[in-house]
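Here is how the chains run, residue by residue.
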Amino acid sequence: MDLNFGKEYKDFTKEVKDFCKKYKGVHFTESSKVPLSDSFKTGEIKMTRSDWQKILIEKGYFARSIPQEYGGHGGESDIIKSRIIAEEFAKSKIPPPMGGQGIDMLVPTLLELGSEEQKQKYIKPTLHGEIIWCQGYSEPNAGSDLASLQTKGELIDGNWVINGQKIWTSTAQYSQMMFCLVRTEPDASKHAGISYLLIPMDAPGIEIRPLVDMTLNAGFNEVFFTDVTIPEKNIVGKRGEGWAVANATLSHERGSLSDPNAMMNRLNSLIERMKQETINGEKVINNKVYRNKLMKIQGKVIAFQSNSLRVLSAKVNKNQDVKIAGMIQKLVGTELRHELEGFAIDIMGELGTLYENSPNIRDGGSWQIAYMYFLGLIIGGGTSQIQKNIISERGLGMPKEPKVQQGA
Amino acid sequence: MYFGLSEDQIFFQDNVKKFLEDNASIDVIRKIANESDKTSKEDLHNGIVILGINNILIPEENGGLGLDLLFATAVGQSLGEGIATLPFTGSYVMAPIAIKYGANDEQRNFYLNEMSKNNVNFGVGFSEFFGSRNESELSFSNNKVNGKTLFVLDCDFATHIMLSDKKGQIGIVSLESSGIEIIDLITVDKTRIFKEIIFKNTEVDILENTSRSDEAISNAIDAGRIVTAADSLGASKAMLDKAIEYSKERKQFNRAIGSFQAVKHMCAEMAAELEPCYSILWHAAHSFDNKEKNKKIMACHAKSHISDISKMVSKKSTEVHGGMGFTDLLGLHYWFKRIGVNRQILGSPEMVREEAAQSQGL
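The listed protein sequences correspond, in order, to chains F and G.
Take 0 as the starting number for the first sequence in numbering that gives the first Met the number 0 and just add one per residue.
Take 0 as the starting number for the second sequence in numbering that gives the first Met the number 0 and just add one per residue.
Since the hints were made in silico from the structure, they are not lab data.
Cut-off 25 Å, straight-line C-alpha distance, at most; resulting in silico cross-link-like pairs (DSS-like, lysine-lysine):
#, chain 1, residue 1, chain 2, residue 2
1, F, Lys399, G, Lys250
2, G, Lys336, G, Lys241
3, G, Lys290, F, Lys9
4, F, Lys58, F, Lys21
5, F, Lys287, G, Lys310
6, F, Lys274, F, Lys295
7, G, Lys336, F, Lys295
8, G, Lys199, G, Lys147
9, F, Lys16, G, Lys292
10, G, Lys241, F, Lys322
11, G, Lys116, G, Lys37
12, F, Lys13, F, Lys58
13, G, Lys16, F, Lys322
Using C-beta positions, here's what the derived DEER-type ranges look like:
#, chain 1, residue 1, chain 2, residue 2, range
14, F, Ile278, G, Asn253, 49 to 59 Å
15, F, Asn318, G, Leu361, 34 to 44 Å
16, F, Gly74, G, Leu361, 37 to 47 Å
17, F, Asn285, G, Asn141, 38 to 48 Å
18, G, Asn22, F, Ser365, 56 to 66 Å
19, F, Asn3, G, Asn141, 44 to 54 Å
20, G, Phe10, F, Pro107, 31 to 41 Å
21, G, Lys314, F, Pro95, 35 to 45 Å
22, G, Phe325, F, Gln384, 19 to 29 Å
23, G, Asn141, F, Gly5, 46 to 56 Å
24, G, Asp7, F, Ala217, 53 to 63 Å
25, G, Glu60, F, Pro107, 50 to 60 Å
All C-beta atoms, glycine included, are put in the ideal place defined by N, C-alpha and C.
In isolation and in its complexed conformation, chain F is listed as follows:
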């Protein structure tokens, strides 16, 4: 066991801290369609979001291992440096690099499986925030059983003609492009009939309808395709390889849904809230029942954070096997975060139910919003039940469910 990162990383931490000091108060000027978190709307240093991305790439704080020819920093990938950057940025409330499905999922996919032309055309503007992407995977009848998707793509006169519907499409309303799974080989078996297509969102025949979720935000959309026509070359991988192409990025998404640093920050905010709230004149933090529950959650959060250190360690030390430790993160992380947020509501009692701009609301209603939002994340990105299938079958080697006979 050695939890020191060594001199190189100590120096790097200092460098990042200095950077954070220099750019404290950065906020963005352009009226970006992408909503900004409140804390990045005001401050001393004004710049565009794209300029900020360029500074971060230049320093190697973002797109570190992506080759320069595609707009990246062109350095060695370094998972520990990435973690230091994330931690220090969060501590000093500096805007993090832009994320989103284009950067987190499409760029790695293109780097691995895209054509040279696609890499040249899409990666740089995506990194600079000039192209926003949305993900077109789920359909009304293809959720957990994603591979049963039915949106149809036909190759007619050198163009793909697409008809069908996608759902749960976050950011569709301000995206320029969608990476999309489409059934192009209707005669092939379920998984072998899918292709991975890149669709401009301004193509005629695309209709976007907002889908309001339980937090009352329109976080998702439904996207309808009627004879949407795109060039044949907008395919990643070959025809029928879409499932494999998509799987390269799905595992990426699952890891990112449960950030242990965010969880620890949230736990600390909860402790602060418990020190401030009183019931009948007694501070909530001094109430034995609530204290005990708080400690129970703290134990879980520490265990989860330690687990993520172990997963990080296996990325640095190639011979370390932590298969199950990695597999459980989405399940445990989202469930635990939901529990933590829900407990914060409990310690506030009736006040915990306040919403929107109600008088007496605490912390801007963030506990209520997150409590519901994380229920969404328990379901999204592969439900908890699907995660348990994966853990038991691939992690524990338990037998698969027998296939139901068709037409039986």
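Let chain F serve as the given structure and place chain G on it in line with the hints.
Here is chain G on its own, set in the frame of chain F:
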């Protein structure tokens, strides 16, 4: 940066595991549990002493191996996995740590040297300090001890008993002294024996530093909690492995029960909750070894969190085994009960969590 057990630690851990697999089958454990078979127990103890587990935490200058708590934790996992009917937490973890911090030079060298040669072996009774009950009351005065203490750990091969009063002062009593009455406490867990001990004007050697500071008892209890958690984690791992194995073999409705989602999800839930327990356990031991500021918080959370998860695993694994899980035939209950007793010794989860809260100033 490396988060996990080292090759040496894994090697030691595997050796202990293999020793127990070869020498402590369920039949041997059953014999020791049901008939208090002393010979089998002694054979096992002699074997494990040859492996060196009594010497892990004793410094090299006193003839020990000079290893750290993370090593002891790694070994603790194997002892729990094999439900070893052997002393460890009290005799070989808490006692040397209490001596390290609490003894004067003369006491330290005497006890540690003798321990390394297996001439001195401690039972440990610290319940007075962290959770005194109605029945007990213990006091030291003028190098004599009077009163009664409950749940003394690891007395099987003990030559001496290490005790504490409510203030955390630690005294050592030789079992050759007069005025000692030892009574068996029979718990659900027959793999280990706990004692009630009554002292009447018995001679006691007070560890000198412990009258000034509770550092010694505090460290010994932190370490004891971490290693008890390791024991529960090892036992839980064994129960999960057994559940998975059984679910692949047992057929109902013409298919392995492990192919039903209801059963699969129970196993996935056990694995998902158990996996982070390894990390918090090793992290806590590492914090202890490095004397980190948060070491007490980590020790408390490792004990209480792993106690909770192990309780869940012990129930679910039994359920996966169906009716057979409930029988004595399979012997699964030895692991169930081991976990149940570990949960309470050195402090139940609620008590220990309150300590975690206080030690962070809440």
